[in-house]
Amino acid sequence: MQPVDYERLIVRRLDGEISADESLELSRELLRNPDLRRMAEEYEQADALAATALRSSVAGDDIDSYRERIQPARTAAPGYWRPHRGWLLIPGAIAAALLALWVPRPDWQAGTGERGIAQHSTLDPEWQVPRPGIERSNPVDSSLMRTVGTTTKRDRGRELLGVIADDGNIYWIEVDRKRTLRVPSGAALRALGQF
Amino acid sequence: MAAVSLVSMTMALVKEFDPEQPVVEAIRAGDRHVFADFVRRHDRWVRGVIFGVLGRTDPVDDVAQQVWTTVWRRLAEIRATDRWRPWLYALARNAALDAGRDVTRQRERAREVAFGSTTTVSRRDATLEADESYWAAMAAIAGLPELYREPFVLRHLSGWSYQEIAEVMGMPVDTVETRLVRARRLLRDALRKEAE
Chain A
0 MQPVDYERLI VRRLDGEISA DESLELSREL LRNPDLRRMA EEYEQADALA ATALRSSVAG
60 DDIDSYRERI QPARTAAPGY WRPHRGWLLI PGAIAAALLA LWVPRPDWQA GTGERGIAQH
120 STLDPEWQVP RPGIERSNPV DSSLMRTVGT TTKRDRGREL LGVIADDGNI YWIEVDRKRT
180 LRVPSGAALR ALGQF
Chain B
0 MAAVSLVSMT MALVKEFDPE QPVVEAIRAG DRHVFADFVR RHDRWVRGVI FGVLGRTDPV
60 DDVAQQVWTT VWRRLAEIRA TDRWRPWLYA LARNAALDAG RDVTRQRERA REVAFGSTTT
120 VSRRDATLEA DESYWAAMAA IAGLPELYRE PFVLRHLSGW SYQEIAEVMG MPVDTVETRL
180 VRARRLLRDA LRKEAE
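Here the protein sequences line up with chains A and B, keeping their order.
Counted the way numbering that gives the first Met the number 0 counts, the first sequence spans residues 0 to 194.
Counted the way numbering that gives the first Met the number 0 counts, the second sequence spans residues 0 to 195.
Each hint should be verified, as a subset may be incorrect.
Stated by the list, open to error - What follows is a set of in silico ranges between Cβ atoms, one per label pair, in the way DEER data are often shown:
1. Ala19(A) / Arg82(B): 32 to 38 Å
2. Pro21(B) / Leu100(A): 51 to 57 Å
3. Glu28(A) / Val33(B): 56 to 62 Å
Claimed, not checked - Taking beta-carbon pairs under 10 Å as the criterion, some of the chain A residues facing chain B (in silico):
4. Asp14
5. Glu16
6. Ser18
7. Asp20
8. Pro33
9. Asp34
10. Met38
11. Ala50
12. Ala52
13. Leu53
14. Trp101
15. Leu160
Unchecked claim - Over 12 Å on every C-beta distance to chain B, these chain A residues come out as not near it, computed from the model:
16. Arg27
17. Ala45
18. Leu88
Treat the hints as calculated values from the structure; they're not laboratory data.
All values reported here derive from a predicted model rather than from experimental measurement.
Note that beta-carbon positions come from the ideal geometry of N, C-alpha and C, so glycine has one too.
Please build the complete structure, drawing on both the sequences and the hints.
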């Protein structure tokens with residue numbers, strides 16, 4: 000009998016190519032073997048990082064939307080006991096619904112009425128007046144301001160692919176492309192004397 | 000028993016049916032709108048192939064543009080329309096190889112340090128970024144041998160199964176799997192080294 004190649008099984012699990020038996024075998028070994036567990040974690044982290052980087056720089060995807068997509072799959076994959084936890088939420092949800100029906104609603108839920116209007120009237124009246132004209136700041140400066148404390152900036156645009164047809168005309172195809180641009184941090188800009 | 004064979008026959012038929020085949024036929028007939036949709040659906044993995052070959056991101060846009068232009072011109076030449084995917088893969092790969100040769104010549108002349116260099120990423124650029132892990136990941140992927148980088152990028156950008164990658168690259172499924180395992184190992188080692 001050949002020894003099981005657990006590294007291969009880890010990669011298969013990452014790629015969604017693992018069978019149920021193999022997954023069970025791998026889970027058992029992961030519980031027993033801390034070195035293997037570390038390897039699995041490292042592979043998973045490296046994989047997620049590489050996927051995000053690739054999708055953002057080569058495919059032009061929005062990083063956040065990608066993360067949202069992969070998050071459920073990543074959390075559900077390891078540990079065969081996890082799916083059972085969902086059942087624990089059902090009694091809690093029923094209890095919360097009953098409680099919501101039983102407890103009398105406070106006034107703020109009414110939404111409209113004099114009280115609501117009175118609350119709004121305490122706001123600064125200037126806020127309710129539309130501002131004359133459109134204030135525009137320098138786009139370069141504002142983008143620099145936004146980089147302080149954050150390093151990513153999303154840019155949605157369209158790319159044109161030109162195709163030369165048999166009749167000699169050029170046809171343009173619009174392809175939506177979202178990019179996540181990475182810009183220098185505020186500290187780095189200050190060091191360069193640009194901010 | 001009969002039911003089992005019927006199910007297996009149906010599954011085989013479903014597996015064989017390629018929804019893109021009528022699309023390819025329509026493009027061959029000159030339907031521009033269908034072609035535009037086709038480009039949107041497959042642009043990602045075509046770009047993945049180009050990056051997989053070159054290990055650089057900067058020429059990807061230009062080469063992808065060139066590939067799609069060629070597809071529009073030459074799709075009518077395909078005899079077996081069910082083999083459009085390997086055909087497109089080969090087209091993208093060859094375009095990337097040609098571009099790689101041009102880029103190498105240019106690089107030898109200019110000696111410029113660019114992001115997509117196959118083995119190094121400018122540390123100055125990296126230190127400018129708070130999110131260094133991104134650069135580390137891109138450098139690690141770019142540093143993978145092409146042999147491993149190509150299936151790895153295809154897997155991550157297209158989400159194809161081992162079987163699909165094997166079909167397109169024209170190699171056994173086991174080979175694809177082995178290359179993906181080695182790619183992961185090299186990537187992990189490179190990122191670990193970067194972190195130290």
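Right, here's what the structure says about each hint:
Take Ala19(A) and Arg82(B): their Cβ atoms lie about 34 Å apart, and the range 32 to 38 Å holds. Distance hint check: the CB atoms of Pro21(B) and Leu100(A) are about 54 Å apart, consistent with the given range 51 to 57 Å. One distance hint, 56 to 62 Å for the beta-carbon pair Glu28(A) and Val33(B), is violated here, with the actual separation near 49 Å. Proximity of Asp14(A) to chain B holds as hinted, the smallest CB-CB distance being about 6 Å (cut-off 10 Å).
Interface restraint check for Glu16(A): the shortest CB-CB distance to chain B comes to about 6 Å, inside 10 Å, so the restraint holds. A cut of 10 Å between beta carbons decides the hint on Ser18(A): the least distance to chain B is about 13 Å, and the hint is violated. For Asp20(A), the suggested interface contact is broken, since its CB lies about 17 Å from the closest CB of chain B, more than 10 Å. Because the smallest distance between the Cβ of Pro33(A) and any Cβ of chain B comes to about 17 Å, over 10 Å, the interface hint for this residue is violated.
Hint status for Asp34(A): violated, given a least beta-carbon distance of 13 Å to chain B, over 10 Å. Against a cut-off of 10 Å between C-beta atoms, the interface hint on Met38(A) holds, since the closest Cβ of chain B lies about 8 Å away. The beta carbon of Ala50(A) is positioned within 10 Å of a beta carbon in chain B (closest approach about 5 Å), and the interface hint is therefore held. Interface hint at Ala52(A): satisfied, since its Cβ lies 4 Å from the closest Cβ of chain B, which is below the 10 Å cut-off.
Restraint check, Leu53(A) versus chain B: the minimum CB separation of about 5 Å is within 10 Å; hint holds. For Trp101(A), the suggested interface contact is broken, since its CB lies about 48 Å from the closest CB of chain B, more than 10 Å. Interface hint status for Leu160(A): upheld, as the beta-carbon distance to the closest one in chain B is roughly 5 Å, under 10 Å. Remark: the non-interface label on Arg27(A) is consistent with the geometry, its nearest Cβ contact in chain B lying 20 Å away (cut-off 12 Å).
The beta carbon of Ala45(A) is not kept farther than 12 Å from every beta carbon of chain B, the shortest such distance being approximately 5 Å. Distance to chain B confirms Leu88(A) as a non-interface residue, since its nearest Cβ pair spans about 30 Å, more than 12 Å.
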